[in-house]
Each structure stands twice: as structure tokens, then as C-alpha cells.
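Asker: Produce the complete structure using the sequences and hints provided.
Sequential numbering from 1 applies to the sequence shown in the working numbering.
Source of the hints: derived by calculation from the structure; they are not laboratory data. All C-beta atoms in this analysis are idealised placements derived from N, C-alpha and C, irrespective of residue type, glycine included. Wrong hints could be hidden among the right ones.
Each pair of labels, with its calculated beta carbon distance range [to be verified]:
# : residue 1 : residue 2 : range
1 : E142      : D111      : 28 to 36 Å
2 : L59       : P12       : 17 to 25 Å
3 : H28       : I57       : 15 to 23 Å
Each computed BS3-like pair below joins lysine-lysine, with the alpha-carbon atoms no more than 30 Å apart [what the hints assert, rightly or not]:
#  : residue 1 : residue 2
4  : K61       : K113
5  : K60       : K138
6  : K2        : K32
7  : K61       : K32
8  : K61       : K138
9  : K2        : K61
10 : K5        : K32
11 : K32       : K113
12 : K138      : K63
13 : K60       : K2
14 : K32       : K60
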Amino acid sequence: MKIDKTIAIARPPEEVWDFIADARNDPHWCDKVDSVEQVAGEGPGPEARYRVLHRPIRLKKAKELAVTVHEYDRPRQLRLREEDDDAVFEVTYRLLATAEGTDLTQVDEIDWKIPFPGPQIGRLMVSRDIERQFSALKRRLET
1 MKIDKTIAIA
11 RPPEEVWDFI
21 ADARNDPHWC
31 DKVDSVEQVA
41 GEGPGPEARY
51 RVLHRPIRLK
61 KAKELAVTVH
71 EYDRPRQLRL
81 REEDDDAVFE
91 VTYRLLATAE
101 GTDLTQVDEI
111 DWKIPFPGPQ
121 IGRLMVSRDI
131 ERQFSALKRR
141 LET
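Answerer: Okay, structure coming up:
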């Protein structure tokens, strides 16, 4: 399953990159992330790994999400592998400089571990979450 979203942010790619490439910033723009702990690497970079506590369903208990950086090409492309007990996410962020700032694209390729109709419901939830996170990121970086 693939989900692809893009947003324009009125900031240079390097600024957008520096914020999103450090997963420890996720609680500031991803409302379902409770906490992020770096477990490998020194700050953001190609060897970074994180333990994230997130709530995909708000009223349920937080779940652990293992995040590993697979590609780190500042300020163009960041690729992450995220895994919890529901799915494996291959998340790619692509940043493109524009006259107005940056076009940020997020592509999620999801391998669901849950039975039908979970993946169909999950697709709707993830798509909505990305849109909400992008709006929060835009507000955060532009103000």
C-alpha cells in the first residue's frame, strides 16, 4: 500500500530538513507521538535509530515504534523504516527547493500485519494523519 502527500512550506530546504530529519522533533508536529528516544547514533544522521512511543488510536495505550534511518541525503531525501506491531512503514521524505521555499513530499509504503479490513481503515487513518502533521509542520516552521 502506498500513500503520497506533498505540501509547500515557505522555508528553505535546509531549514525544513534540519527539523524533520531529527526524529526527536516529532512530538512538535506529529500529534500522535508521545515521546522519542534516540537509541543509536549521535544526533540525526545515517546511523540514527529511535524508540518512539505513539498512539495510532488516541484512546488506546501507546505503542512502541522502532525507527531506523536508511538514507540521509541532506537536504534532498530522508528514508526511514518504521515498525510497530501493526505494520512496517518505509517512509521517504523528498525536499525540492522552489522560489517560495520547499515542496516536501512524504511517500509511505506500508506492509500491514493486520487482517482485513484493518489495512483499508489504516490507509484512511494514515492519510489523514499525514495531512494533519503536514499542516502542523507548516505552521511550526512558517511562524
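Asker: I want to verify a distance hint. Is the separation of the beta carbons of L59 and P12 within 17 to 25 Å?
Answerer: 39 Å, violated
Asker: Sort out whether K113 lies within 30 Å of K61, counting only the CA atoms.
Answerer: 19 Å, holds
Asker: Decide if the proposed pair is consistent with the structure: K2 and K32, CA atoms, cutoff 30 Å inclusive.
Answerer: 20 Å, holds
Asker: Going straight from one Cα to the other, do K5 and K32 come out at no more than 30 Å?
Answerer: 18 Å, holds
Asker: When you take the CB atoms of H28 and I57, is the distance between them in 15 to 23 Å?
Answerer: With Cβ atoms ~21 Å apart, the hint holds.
Asker: Holds or violated: K32 and K113, Cα atoms, limit 30 Å.
Answerer: 20 Å, holds
Asker: Taken at face value, is the distance from the CA of K2 to the CA of K60 at most 30 Å?
Answerer: Since the Cα atoms of K60 and K2 sit roughly 25 Å apart, the hinted pair holds (cutoff 30 Å).
Asker: Quickly compare the C-alpha distance for K61 and K138 to 30 Å and report which way the hint goes.
Answerer: 28 Å, holds
Asker: Between the alpha carbons of K61 and K32, is the straight-line distance 30 Å or under?
Answerer: At roughly 11 Å apart (the allowed maximum being 30 Å), K32 and K61 satisfy the hint.
Asker: Given the proposed pairing of K32 with K60, does the C-alpha separation stay at or below 30 Å?
Answerer: Judged against 30 Å, a Cα distance of about 11 Å means the pair holds.
Asker: Can the restraint linking K60 and K138 be considered satisfied, given a maximum Cα separation of 30 Å?
Answerer: Roughly 28 Å separates the two Cα atoms, so the pair holds.
Asker: Taking the beta carbons of E142 and D111, is their distance inside 28 to 36 Å?
Answerer: 34 Å, holds
Taken one by one, the earlier hints fail for this structure only at number 2.
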